[in-house]
Amino acid sequence: DQQVKQNSPSLSVQEGRISILNCDYTNSMFDYFLWYKKYPAEGPTFLISISSIKDKNEDGRFTVFLNKSAKHLSLHIVPSQPGDSAVYFCAASALSNYQLIWGAGTKLIIKP
Amino acid sequence: ETGVTQSPTHLIKTRGQQVTLRCSSQSGHNTVSWYQQALGQGPQFIFQYYREEENGRGNFPPRFSGLQFPNYSSELNVNALELDDSALYLCASSPPGGDGTGELFFGEGSRLTVL
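Chains as they are written, first to last, in the numbering used here: chain A, 1 to 112; chain B, 1 to 115.
Treat the hints loosely; a few may be bogus.
[Said to hold, decoys possible] Some chain B residues well away from chain A (every beta-carbon gap over 12 Å; in silico): (1) R15; (2) P43; (3) L67; (4) D84; (5) L88; (6) T113.
[Said to hold, decoys possible] Ranges of calculated distance between the beta carbons of each label pair, as one might list FRET restraints: (7) G60(A) / I12(B): 20 to 26 Å; (8) Y39(A) / G28(B): 22 to 28 Å; (9) L11(A) / R22(B): 31 to 37 Å; (10) N55(B) / H72(A): 26 to 32 Å; (11) G60(A) / P95(B): 20 to 26 Å; (12) F69(B) / L11(A): 39 to 45 Å; (13) Q18(B) / S69(A): 46 to 52 Å; (14) R63(B) / S69(A): 39 to 45 Å; (15) R15(B) / V78(A): 46 to 52 Å; (16) P95(B) / A41(A): 22 to 28 Å.
[To be verified] A few chain A residues that face chain B, going by a derived Cβ cut-off under 10 Å, partial list only: (17) A41; (18) D59; (19) F89; (20) C90; (21) A94; (22) I101; (23) A104.
In short, the hints are calculated from the structure, not lab data. Beta carbons are placed, not taken as given, at the ideal position from N, Cα and C, and that holds for glycine.
Modelling step: build the complete structure from the supplied sequences, incorporating the hints.
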């Protein structure tokens, strides 16, 4: 039972263009959604989060959009840079719980 | 500020053996969580420790056990290793009270291979 799904294993984007990474979830009890970025041989690093009561959160080049009715969120990176090449994980948490539920990740490749 | 550190970074064991993985939490963080990440998958929650007590557990058998020490460092022990235990084991810490979002600070992981 996958509560958080990232259906695109990989995504290739031209440098300078917009990267859009998608995530779907099934559990309406989640309170927060988080995006993590992971480089090879490193642990995941936090990128940006959004509360379930909001529909948008922006931090520099990164914006996360939440569509609760569709149980869908997306991460937009504008403009995409070579250093953005990494695996991006979508994760969800509930305040009543203590664990993060993770998607399988999307490998983002930024082409020069 | 010292981040989360894990040891060893890589190790190879054979089926049936036991393994201990270690984690030092980030300075000031009193909660430690362990996750297992199999190849091509997202991390799966194993358990969390707070004030030296297990504070929640995922769907892992009892042969996965842990400890937290007074300095907030932690160990993950796995007994009777199986081939499917081959994975990256991630330790994450979070500060007292957290911020409610679930943001965790991860170490680089320990890559376990079971032959």
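Checklist line | Non-interface claim for L88(B), where every Cβ of chain A lies beyond 12 Å | finding: Label violated. Min Cβ-Cβ 9 Å, cutoff 12 Å.
Margin query: For the hint 46 to 52 Å, verify it against the beta carbon of Q18(B) and that of S69(A).
Written below: holds, 49 Å
Item checked: Status of T113(B), Cβ more than 12 Å from any chain A Cβ -> Holds: least Cβ distance 15 Å, greater than 12 Å.
Check: Against chain A, does L67(B) keep a CB gap of more than 12 Å to every residue?
Finding: holds, 18 Å
Check: With a cut-off of 10 Å, does the beta carbon of C90(A) approach a beta carbon of chain B closely enough for the hint to hold?
Finding: holds, 8 Å
Check: In terms of Cβ atoms, is chain A entirely out of 12 Å range of D84(B)?
Finding: holds, 17 Å
Notebook entry, point to check: Per the hint of 26 to 32 Å, is the separation of the Cβ atoms of N55(B) and H72(A) within bounds?
Noted result: holds, 31 Å
Next item on the list: Evaluate the condition: distance from the CB of R15(B) to the nearest CB of chain A exceeds 12 Å.
Entry: Given a closest Cβ separation of 26 Å, the condition holds.
Next item on the list: May I ask you to test the interface hint for A104(A) with respect to chain B, counting a Cβ-Cβ separation under 10 Å as satisfied?
Entry: holds, 5 Å
Item checked: chain B contact restraint for A41(A) - C-beta distance below 10 Å -> For A41(A), the interface hint holds, since the closest Cβ of chain B sits about 7 Å away, which is under 10 Å.
Next item on the list: Check the following: the C-beta atoms of G60(A) and I12(B) are separated by a distance inside 20 to 26 Å.
Entry: violated, 41 Å
Note to self: Would the hint on A94(A) be counted as holding, given a Cβ-Cβ threshold of 10 Å to chain B?
What the structure shows: For A94(A), the interface hint holds, since the closest Cβ of chain B sits about 8 Å away, which is under 10 Å.
The structure fails to meet hints 2, 5, 7, 18 from the earlier list, while all remaining hints are met.
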